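There are 2 protein chains.
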Amino acid sequence: MKKVTTHIKHFQYFYPYTVAVVGAKSETRVNYMSAAWHSALSFNPPLFGVLISKKRMTHQVISEAREFTVNFLDYDRVKLSAQMGRTSGHDRDKVAEFQVKLAPAKFLRSPILEESYAAFECKLADVRAYGDHDLFVGAVVAVHVEDKSFRTGGVLDTRKVKPLLYLGSDFYITIDADSLKHILPD
Amino acid sequence: MKKVTTHIKHFQYFYPYTVAVVGAKSETRVNYMSAAWHSALSFNPPLFGVLISKKRMTHQVISEAREFTVNFLDYDRVKLSAQMGRTSGHDRDKVAEFQVKLAPAKFLRSPILEESYAAFECKLADVRAYGDHDLFVGAVVAVHVEDKSFRTGGVLDTRKVKPLLYLGSDFYITIDADSLKHILPD
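Protein sequence lines, in the order shown, are assigned to chains C and R.
Sequential numbering of the first sequence, starting at 6, is according to the working numbering.
Sequential numbering of the second sequence, starting at 6, is according to the working numbering.
Among these hints, one or two may not hold up.
The list makes no distinction among identical chains, and a pair is therefore deemed to hold if it is satisfied within one copy or across any two copies.
SDA-like cross-link-like pairs, simulated, lysine to any residue; straight-line CA separation at most 20 Å [stated by the list, open to error]:
1) K84 <-> V100
2) K167 <-> K186
3) K153 <-> E32
4) K165 <-> D181
5) K186 <-> V83
6) K165 <-> D96
7) K186 <-> Q17
8) K167 <-> D181
9) K165 <-> E120
10) K167 <-> H187
11) K60 <-> P50
12) K8 <-> L113
13) K14 <-> D131
14) K167 <-> A182
15) K7 <-> Y80
16) K167 <-> S184
Simulated from the structure, these hints should not be mistaken for laboratory data.
This one's a predicted model, so the numbers in the text were calculated from it and none came from an experiment.
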């Protein structure tokens, strides 16, 4: 038996979501933030979408740069995720303050995060407002993956990588590698 | 050191994503499918987005019904997810064949899944094409949650619920409850 809520105060029943650190380098600034609201949008062409509030510095920097990178973090980088998620680039230089290690992209001026196990280079293809967030749509022009983090076919190797998942309200969690199952309809 | 791919054949480096079973009841059909591509889009108003290929029967049924429900499954419902994800409503009546238990929604004609630990009632607010998928945007008018599945503030109670996560290529996994951490920037 379920309880029904129509005045939705705490809209976070959909977690856990993987943490993606997203950001860019514009003419004037480099800035990243942790984002849990994101999704693949299309296989062919590969498109990836990230939701960003208009209040965030990252919103401004990506809008100027017309490109962004998406960086997936290991569970042991949870502190970095909290730092990049709960502070604002309006107040401080997050990359310098939190000693974020950057690495050059192949096609973009915006760097990727060296400590990510996977990173996407995205050219900004569309921005669309949905309520209090904007959907930034990226055309994925390159994927960087840590050697041995993925098995053949691009499936995460859960013996090697513990992806960082966000559960809402500053709670984080990761996967149970022993629970992995390959399941077909019959 | 990372490997760079520019011809992206297996675009699934972003998983694990939670499985959501989405669907609706139109004048003529009731149909659901498993979807791993989804995201919250806005807190206020609460908006939730789901990506659906034009090929899917669910695309047609939601387009007709102008509403849909989003249903989150426990890890032990993995077989149901595979059945609802890897078969098409064009070929069969999935609800009947897989004995999906339905429960009435509060505001919609479309039912929710009785076996979900959380379910959203959504009125269709927007549809927009992104590559080979369409983004269905739902205005969330009601949330159903299984008693005791969430703690105060709407955070999943990981001692009670093992959410079903999709890893790509028919692999599934769940969380490690012992890895839960509450982390602030300092």
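Consistency of the hints with the structure:
Taking the shortest Cα distances, K84 and V100 sit within 20 Å of each other inside one copy (14 Å), while across copies they are farther apart (44 Å). Proximity of K167 and K186 under a CA criterion of 20 Å is satisfied in both settings, with 16 Å inside one chain copy and 14 Å between copies. Taking the shortest alpha-carbon separations for K153 and E32, neither the intra-copy value of 35 Å nor the inter-copy value of 50 Å comes in at or below 20 Å. For the identical chains of this complex, K165 and D181 are neighbours both inside a copy (12 Å) and across copies (15 Å), given an alpha-carbon limit of 20 Å.
For the homomeric pair K186 and V83, the shortest alpha-carbon distance between copies (9 Å) is at most 20 Å, but the shortest distance inside one copy (26 Å) is not. For the homomeric pair K165 and D96, neither the shortest alpha-carbon distance inside one copy (36 Å) nor that between copies (39 Å) is at most 20 Å. With identical chains, the CA atoms of K186 and Q17 are at most 20 Å apart between copies only, with a shortest distance of 17 Å across copies and 26 Å within one. Proximity of K167 and D181 under a CA criterion of 20 Å is satisfied in both settings, with 9 Å inside one chain copy and 10 Å between copies.
In this assembly of identical chains, the alpha carbons of K165 and E120 lie at most 20 Å apart only when taken from the same copy (14 Å versus 33 Å across copies). For a Cα distance limit of 20 Å, the shortest separation of K167 from H187 qualifies both inside one copy, at 18 Å, and across copies, at 17 Å. In the homo-oligomer, the alpha carbons of K60 and P50 lie at most 20 Å apart only across protomers (16 Å), although the nearest pairing inside one protomer, at 30 Å, exceeds that limit. Taking CA atoms no more than 20 Å apart as the test, K8 paired with L113 passes between copies only; the shortest distance there is 16 Å, against 48 Å inside one copy.
For the homomeric pair K14 and D131, neither the shortest alpha-carbon distance inside one copy (30 Å) nor that between copies (23 Å) is at most 20 Å. For the homomeric pair K167 and A182, the shortest alpha-carbon distances inside one copy (8 Å) and between copies (13 Å) are both at most 20 Å. Only between protomers do K7 and Y80 lie at most 20 Å apart by alpha-carbon distance; the minimum there is 18 Å, versus 32 Å within a single protomer. Within a single copy, K167 and S184 get their C-alpha atoms as close as 13 Å, and across copies as close as 10 Å, so both meet the 20 Å cut-off.
Of the numbered hints listed earlier, those contradicted by the structure are 3, 6, 13.
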